[in-house]
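Colleague: Keeping their order, the protein sequence lines are chains A and B.
Residue numbers are given in this note's numbering: position 188 of the first sequence equals residue 186, and the series is strictly consecutive.
Residue numbers are given in this note's numbering: position 73 of the second sequence equals residue 196, and the series is strictly consecutive.
Fair warning: there could be bad hints in the mix.
[As the list claims (entries may be wrong)] Okay, the calculated bits of chain B under chain A, using three or more residues with CB under 8 Å as the criterion: (1) 205 to 219; (2) 224 to 236.
[Stated by the list, open to error] Here are the computed lysine-lysine pairs in the DSS-like style, where the Cα-Cα straight-line distance is at most 30 Å: (3) K153/A with K233/A; (4) K337/A with K376/A; (5) K205/A with K172/B; (6) K337/A with K290/A; (7) K263/B with K172/B; (8) K205/A with K153/A; (9) K416/A with K172/B; (10) K416/A with K263/B; (11) K153/A with K43/A; (12) K376/A with K43/A; (13) K376/A with K263/B; (14) K233/A with K205/A.
Keep in mind that the hints were calculated from the coordinates and are not lab data.
Every residue, glycine too, gets a C-beta built ideally from N, C-alpha and C.
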Amino acid sequence: MYALVDCNNFFASCERLFNPSLNGRPVVVLSGNDGCVIARSNEAKALGIGMGQPAFELRELFARENVAIFSSNHILYGDISRRVMEMLSQFSPEVEVYSIDEAFLRLDGLPMPEGCEIYARNIADTVMRCVGIPVSIGIASTKTLAKIASHRAKKQPRYGGVCYLATPDQQAIALMECPINDVWGVGRRLAPRLIAEGVSTAWDYTKLSREHVRRQYSIEGERTWSELQGVVCYKTDEHPTSRQSITVSRTFGQAVATFNDVYEAVADFTATAAARLRRQGSAAGSIMVFIKGRGCSPGRYVGALQLTLPVASDSTIELLQYARRALMSVYRNGEAYKKAGVILGHIIPRNQVQLSLFDTVDRDKHHRLMRVIDEVNKQAGYRAIHTAAEAGRSEWKAQSNHLSPCYTTSFNDILIVKAE
Amino acid sequence: MKEIEHIQPITPVDAYTISALDEAVPAGFPSPAQDHQGEGIDLNRELIKHPASTFCARVSGNSMRDSGIDDGDLLIIDKSLTPHEGSVAVCFVDGEFTLKRISIRRDGIWLVPANPQYPELHITEESNFQVWGIVSYVVKAL
Chain A
-1 MYALVDCNNF
9 FASCERLFNP
19 SLNGRPVVVL
29 SGNDGCVIAR
39 SNEAKALGIG
49 MGQPAFELRE
59 LFARENVAIF
69 SSNHILYGDI
79 SRRVMEMLSQ
89 FSPEVEVYSI
99 DEAFLRLDGL
109 PMPEGCEIYA
119 RNIADTVMRC
129 VGIPVSIGIA
139 STKTLAKIAS
149 HRAKKQPRYG
159 GVCYLATPDQ
169 QAIALMECPI
179 NDVWGVGRRL
189 APRLIAEGVS
199 TAWDYTKLSR
209 EHVRRQYSIE
219 GERTWSELQG
229 VVCYKTDEHP
239 TSRQSITVSR
249 TFGQAVATFN
259 DVYEAVADFT
269 ATAAARLRRQ
279 GSAAGSIMVF
289 IKGRGCSPGR
299 YVGALQLTLP
309 VASDSTIELL
319 QYARRALMSV
329 YRNGEAYKKA
339 GVILGHIIPR
349 NQVQLSLFDT
359 VDRDKHHRLM
369 RVIDEVNKQA
379 GYRAIHTAAE
389 AGRSEWKAQS
399 NHLSPCYTTS
409 FNDILIVKAE
Chain B
124 MKEIEHIQPI
134 TPVDAYTISA
144 LDEAVPAGFP
154 SPAQDHQGEG
164 IDLNRELIKH
174 PASTFCARVS
184 GNSMRDSGID
194 DGDLLIIDKS
204 LTPHEGSVAV
214 CFVDGEFTLK
224 RISIRRDGIW
234 LVPANPQYPE
244 LHITEESNFQ
254 VWGIVSYVVK
264 AL
């Protein structure tokens, strides 16, 4: 049995935690460069503000409706997320952190004398009290169903934040009311095909024959089909969409044209991604660099290249070499670039890295150097030490005019409590 | 008087670890105390019982002076602690974070300062009031 714990309006909730006067007020969080809306409180949703909507379109609405605007504070959100996940680990020995604001908990075998619904309410109350973040919880026999249940818990107030699909009837209703797009594992790719053959809800999907599903939608489609009917196919940490890559990308405040300027940004992203890689004890087997020109698609230039590393690595120095090589292949003179990104893929635990007989890299030395750099940066501040490739004028750095303080990670940013 | 034999530098991961040897080690004779050598004092571990629900804040003002909490002190706040009579609480009242002691009286909850120059606050149904967290430690520089 699985529970999916999903934070409500997570980024907006993080901002509200340190400013409770925002409760009840519409809150939006903007993406890097204050470009588009990436998070909205319920009040903001009620005003019709759409996910991904460009901020400049909404300036007048923001002013008129007294909307509180925040630039995305990834550092703060990451730390609050860590705290939520740590609290959740007290409620189950198997917690899968699925995204920054969602986690699966396996509930089998746990002592729940009052039943799992009360247990879940206790989880939600505890997270709210101890970390200050409201969550919705869905409980069902499989992870795919738990996701549907948590969506119901979030959308329908009558559940009081917890939806437990306990009986086949409750399960059936949930499937009938779940649009096929919302089914975990059915993405933008599969949904049109399913809709074209008359499948518009999760229920319809389960009514297809297993053979048909297997033929048309492959083994993953069949697993989702089984999960929707209560048969566990994905255990903890098993699902094609679980975190198998680390992406760092940004839209530039100003378009940049020269190779060095673009590389400076790419180097910065590579270092950030590599630090994340090391923090989770992993190594990456591939690195992809992508760059996007100015203008709209179609017509604007997009270049991407993925390079496979002979030996999976977590060294910034080594990854930068590949990042530079990849960029040299996709960079075009005469273009102005508005966005770039780095994706580290084929991620494996560091202790599973297989060395090559022909390896020329001094991995020990890199590891020691990386460890020192990470420790100094932790103490002295975000990227106090960085490679020469990352330094520079940084014209491309995004503007963040509405950034809140890093209340939990930066000593100078902590809350001030009045004794007056 | 025990001597601090060896002070280790702060590592970014753990906090300050002070290693206290039970006694100086003489040459030749094993000390019966050496098996009981402490692991070291980790201030993070002592002061932060519940890391996930612990936050830091700075005090601004001296309305809690008589409780030994002064302007500029550092507060260790634990949101998981249950408020009690006498708890020093970080509250959110009328749009701001404020530090007060909780007093539960016959006519309800009062937020009480520790300085005669400041008024007590009576919390009623209409009050815009929330206990944000309970202060577990105050850290002050001398």
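Colleague: Please go over all the hints and tell whether each is borne out by the structure.
Modeller: Against the structure, the hints come out as follows:
Using a Cβ-Cβ cut-off of 8 Å, 4 residues of the region 205 to 219 of chain B lie near chain A, which meets the minimum of three, so the contact claim holds. Counting residues of the region 224 to 236 of chain B whose beta carbon lies closer than 8 Å to any beta carbon of chain A gives 1, which falls below the threshold of three, so the coverage claim is violated. For the proposed pair K153/A and K233/A, the alpha carbon gap of about 26 Å is at most 30 Å, so the pair holds. Simply put, K337/A and K376/A have alpha-carbon atoms about 28 Å apart, close enough for the 30 Å limit, and the pair holds.
For a cut-off of 30 Å, the pair hint linking K205/A to K172/B is broken: about 52 Å separates their Cα positions. Simply put, K337/A and K290/A have alpha-carbon atoms about 5 Å apart, close enough for the 30 Å limit, and the pair holds. Of the pairs offered as hints, the one joining K263/B and K172/B holds, with about 19 Å between alpha carbons and a cut-off of 30 Å not exceeded. This hinted pair checks out: K205/A and K153/A have alpha carbons roughly 25 Å apart, not beyond 30 Å.
Restraint check: the Cα-Cα separation between K416/A and K172/B comes to about 25 Å, which is no more than 30 Å; the hinted pair holds. Proposed proximity of K416/A and K263/B is supported: the alpha carbons are some 16 Å apart, at most 30 Å. Between K153/A and K43/A the alpha-carbon distance is near 12 Å, which keeps this suggested pair within the 30 Å criterion. Using a Cα cut-off of 30 Å, the hinted pair K376/A and K43/A is violated, with the two alpha carbons roughly 37 Å apart.
Using a Cα cut-off of 30 Å, the hinted pair K376/A and K263/B holds, with the two alpha carbons roughly 24 Å apart. Distance restraint check for K233/A and K205/A: the Cα-Cα separation of roughly 24 Å lies within the 30 Å cut-off, and the hinted pair is therefore satisfied.
Comparing the model with each numbered hint stated earlier shows that hints 2, 5 and 12 do not hold.
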